[in-house]
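**Q** Residue-level listing of the chains:
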Amino acid sequence: MPDTSIPRATRAGQQRYVAPLDETPLQGVDAVSNESDGSSLWKDAFRSLIRQPLFIISGLLILLILVVVAFPWLFTSADPTYCTLDNSLAEPRAGHPLGFNQQGCDIYARVIYGAQASVMVGAFTTLGVVIIGGIIGAVAGFYGGWIDALLSRIMDIFFALPFVLAAIVVLQLVRDSITVWHIIGVLAAFGWTQIARITRGAVISTKNSDFVTASTAVGASPLKNLVRHVLPNAIAPVIVTATVSLGIYIVAEATLSYLGLGLPSTIVSWGADIASAQTLIRTNPEALFFPAAALAVTVLSFIMMGDAVRDALDPKARTR
Amino acid sequence: MTGDANQTVDEAATAETGPLLQISDLEVGFKTQNGMVSAVRGANLSVYPGQTVAIVGESGSGKSTLAHTIVNLLPDNGRIRRGSIRFRDQEVTQFSKRRMAALRGSSIGLVPQDPMSNLNPLWRVGFQIKETLKANNIATGKAADKRVRELLAEAGLPNAEERARQFPHEFSGGMLQRSLIAMGLAARPDLLIADEPTSALDVTVQHQILNHLDGLTSELNVAVLLITHDLGLAAERAEHLAVMYKGRIVESGPALDILQDPQHPYTQRLVHSAPSLASRRLESEHQHIQVSDPSAAATETTDGATSRDAAPGATSTDTVLEAEHLVKSFPIRGDFGQKSTDFKAVDDVSFSLQRGTTMALVGESGSGKSTVAQITLRLLRPTSGRVLFDGEDISPLASKELLRLRRKVQPIFQNPYGTLDPMYSIYRTIEEPLRTHGIGNQKQRRQKIKDLLEKVAMPASTVNRYPNELSGGQRQRIAIARALALDPEVVVCDEAVSALDVLVQDQILNLLNDLQGEFGLSYLFISHDLAVVRQIADDVLVMRHGQLVEAASTDEVFGNPQQQYTRDLLESIPGGHIPLGNTA
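Residue numbers (our numbering), protein chains in the order written: chain A, 1 to 320; chain B, 1001 to 1584.
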C-alpha cells in the first residue's frame, strides 16, 4: 500500500532537501550572509529613512536652514539692523528683493538673519530638555519605588504649569536683559516633563528585558546596565519626540518675542518681526508674511523630520 | 491525479464520498519589496468528511498560510498564484468576498492559535458567541442565548450560564480556548480549521482540550484540519498527515505509516528529533549517543578546556548547588481597605545539584519554577531558606564575592528574541561578561570569543552581526556562548529550548549535552516539557503550585511515577503512546 497521497514525482523532487542534522543551522547562516553585513537597528532605520520622500524633503530643508544659520552673509549683503525711516515700507528694489518694513529694515535680510535665533533656541532647548528630562525620566523609570514616585510627582507639578505662561512669568524678572540663553533656559526648565515621561516609559519597558537580566547575572552593576543596555534601547522614542518638539520650541520663542518678552530688538528674531508687522496685515501683508512663512517652513521641516524618524525607528510602522 | 492517489489511500475510510476539501497544486505567494516570495508551493491535500488531517511543520514552513488560504484569510499582500481549492466540489478560489464570508463560520469553522488575543476583552464571552450565531443566521434573541449556553456546556465549560456573562479576562487560557472551540463549532461547520489550537496552553490542559475536541468533532462528524508543529500531537490526533517544509508538502500519508516508516529525509529527521516521540523509545540509546558522540568529540578544541579548573567528569558526586527550604512569597495587593496577602510562589523547595549532572525542574506555568531559577541566580532573594554554592550561602554575598559567584553561575533564558541586546553586535555581546570581569586583554578576548563561537557551532564571521540578523536558534547559541564565556560551573537554563522549533531544539539540546560532557557543566534545567527533560536530565523535580511534588532520578520519574500529578503530566505528552517502528 502506498504510504503517500501526493504524486511520487513531487516527492522524488524533495529528496535533495536532505541533509544530516546540521542542515538547519547552515541554512540559517547562509540566509544571514546573503544579506549585506552588519545591519544594526540603526543602520536599518537609516536605510529605510533615505528611501522616504518625507525625510528627503525635510532633510534638504533643514540643511538649507542650517546653512542660512551658519553663513547668513552668503544670502544677503544687506544689514538687517540697518534701518532708516526713509525706507519705511519701501517697495522691493535691487539688493532688497522683499522690500522694507515699517522701521525701514530690509525684510529679506531680517528673514535670513532671524533664522539664527530661532534655530539656536530650538536646538539648545531641545538639547537641554533631552538632558534634563532624559536623566530624570531614566532614573525614575529604572530605579522605581519611592524615587519614581517622587520624581513622577515633580513631573506632574511641572506638567501642570502651562509652559509659555511660566516662561512669561520668569522672563518678566529679567525683562531688561533677556538673551537667547535666558529663553533657552526657561523653555528647557519648563519643557522637560514630556521627554521625562517618555523616557521613563521606555526605560520601564526595556529594563525587564532578558538581556538586562543576563547582564545583571554576569555581574554588571545597575548603573552600568542603565547606561549600556537600557538607555540605548529606550532612546528611539526620545529622539522622535525631541525632533518634533524642536519645532515647537521655535514656535515658543516666536510666541515669547511676539509677546514682547523675547529677544531684545538688537537681536533679529522672526517672532519680534511678526509682532511688529501685525498692524500692517491689511496694508503691507508682506512684512508679516515673510517672517511668518520662514517660521512655518522651519517648524514644518523639523516636525516632518520627526515623523520620518519615527516611521524609521518603529519597525512595526515600517513596511519592508 | 492527486485526487486519485488520495482515494486509494483513504478508500477504506471514505469509499462512498469524495473529498470534502481538495487542494491541488496550490501556490501562494506574498508580495514584498523584493518581489514575490513563495509561501506555499505545489501543495496537494485532501480532507474527507469527518476526518482529522494534520499539517505538521516548523515555523515558516507555510502551514498556517496554507490553512488561511482555504478561508481566504491571507494578509493583503498574499496571492494565490496557481492551483485550486475545492470545498464540497466548489472552487473557493473563485468565490466573491461575500460568498467567502458566508462560507466562513457556517461551513468552515476556525479555531485560532492564541486564545488570549482572539476574544475582544470589552465584550462578554456569551455575547461574542451570540454574534457568531447571528452572523450565520442560526439563532437570534432568546434562542441564541440558550444556544450559547448549550455550546459552552458542550465545549466543556461548567456553569455555562454564569460563564457566558463573564469577560475574557475572567477565563483561564484553557477556558478561552474552549470558548473559541465553541465559537468555531457554533454553526456546525463541515470543516474545522484548528491552527495550533493548544500551543499556548499547558500540557495537561492541552491534553484535556484535544480530547474534548476529538470527542466533539467525531460526534458531530466534523472534519478537522489540524495545524501543528508537534509531530507527536499530530500523529496522535490525525488519521492523515502532511509534513510541510519550506512551503512544500514533503510527505503525506496515514499518520502511523509516516511515523513508523518516514520516507522523506526531512520527515525522518523530524521523527528522529521530536522529543515526545524519541524520548519514550530512544531515550537510553539517544542519551548514550549524545554523550559519547565521536563526531562531536572530534570537533572539540582543547585549548578552551585546559583553561578550566574544574575537571570534567560526570561520575563525581560532589554537590555543587544546594537549595534548602526555599520559600519566596510575594505580597498581593488586597481590595481597597483590605490587607495585602502573601502569595507563596515557592513553598519549601529543597534540592541538591550534583556536579556534572543535569537536574530538571518541571512544572506548568505558575508552578514557581522560574522563581526558583531566579533565586538560584541570585536575581531574587528568597523570603526564607538558603542557596548554597559549593557549600557557601549565596545570599549575604556582596560586591567582590558576588562577582565571583556570578562567574560561576550563568543563565540561559527562554525567549531568544529578548535575550540579546539588539544594539550590541555579537562580539560585544559575548565580550560583555569578559569585560565586566576584566578578563584578558583585547587580543585574548578576541581569541576567546572565536573559540566560544566555534564551541556553539557558529561561524567566526558572526561577530560583526547583530541579533536581528540571526534566527531564534542562532541567537540561543550566542546566549549559550555568552553564558560560557566566564567558564561557569552551573548553567541555569530557564526554558532554554521551549521557544524553538523541534529540530533546532534537538540541536541545542545536543549542544548543551556535548558542552556538559566537555566542561563538566552542571545544569539546572527549567522546563514545562517533560519530553525534553527526558532527553537531557539526570534527575527530575516536579513542581506544582510552588511545592515539590516529586523528586527522583529521571528513570524513576518516567518509569515509575509516584504521584498522580506526575502521571497526569506524563500522560499528557502528545504522541507518547504511539508505538514506533524501528526508526532511524
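No lab work stands behind these hints: they were computed from the structure.
Remember, predicted model here, so these are calculated numbers, not experimental data.
Keep in mind that the hints are not guaranteed to be accurate.
Once the Cα atoms are required to be at most 30 Å apart in a straight line, the calculated DSS-like pairs of lysine-lysine come out as [said to hold, decoys possible]:
no., chain 1, residue 1, chain 2, residue 2
1, B, K1450, A, K224
2, B, K1443, B, K1344
3, B, K1134, B, K1097
4, B, K1443, A, K43
5, A, K43, B, K1031
6, B, K1146, A, K224
7, B, K1400, B, K1450
8, B, K1408, B, K1443
9, A, K224, B, K1443
10, B, K1031, B, K1134
11, B, K1146, B, K1134
12, A, K224, B, K1400
13, B, K1408, B, K1450
14, A, K43, B, K1450
15, B, K1246, B, K1031
**Q** All hints are to be evaluated individually against the structure, with a verdict given for each.
**A** Now for the hints, and whether the structure bears them out:
The hinted pair formed by B/K1450 and A/K224 meets the criterion: a straight-line CA distance of about 25 Å does not exceed 30 Å. With a C-alpha separation of about 48 Å, the suggested pairing of B/K1443 with B/K1344 is violated against the 30 Å cut-off. With a C-alpha separation of about 19 Å, the suggested pairing of B/K1134 with B/K1097 holds against the 30 Å cut-off. For the hint linking B/K1443 to A/K43, the alpha-carbon distance of about 27 Å falls within 30 Å, and the restraint holds.
A threshold of 30 Å between alpha carbons decides the hint, and for A/K43 with B/K1031 the separation of about 24 Å falls inside it, so the pair holds. Restraint check for B/K1146 and A/K224: the C-alpha separation of about 61 Å exceeds 30 Å, so the hint is violated. In summary, the hint linking B/K1400 to B/K1450 is supported, as the alpha carbons are separated by about 28 Å, within the 30 Å threshold. With a C-alpha separation of about 23 Å, the suggested pair B/K1408 and B/K1443 falls inside the 30 Å cut-off, and the hint holds.
Taking the CA atoms of A/K224 and B/K1443, the gap is near 23 Å; set against the 30 Å cutoff, the hint holds. For a cut-off of 30 Å, the pair hint linking B/K1031 to B/K1134 is broken: about 35 Å separates their Cα positions. The straight-line distance between the Cα atoms of B/K1146 and B/K1134 is roughly 13 Å, inside the 30 Å bound, and the hint therefore holds. Restraint check for A/K224 and B/K1400: satisfied, since their Cα atoms lie roughly 16 Å apart, inside the 30 Å limit.
For the given pair, B/K1408 sits about 21 Å from B/K1450 by alpha-carbon distance, which is consistent with the 30 Å threshold. As the CA atoms of A/K43 and B/K1450 are separated by approximately 25 Å, the hinted pair is consistent with the 30 Å bound. Straight-line distance between C-alpha atoms of B/K1246 and B/K1031 comes to about 17 Å, which keeps the hinted pair within the 30 Å bound.
Consistency note: the structure conflicts with the earlier hints numbered 2, 6 and 10.
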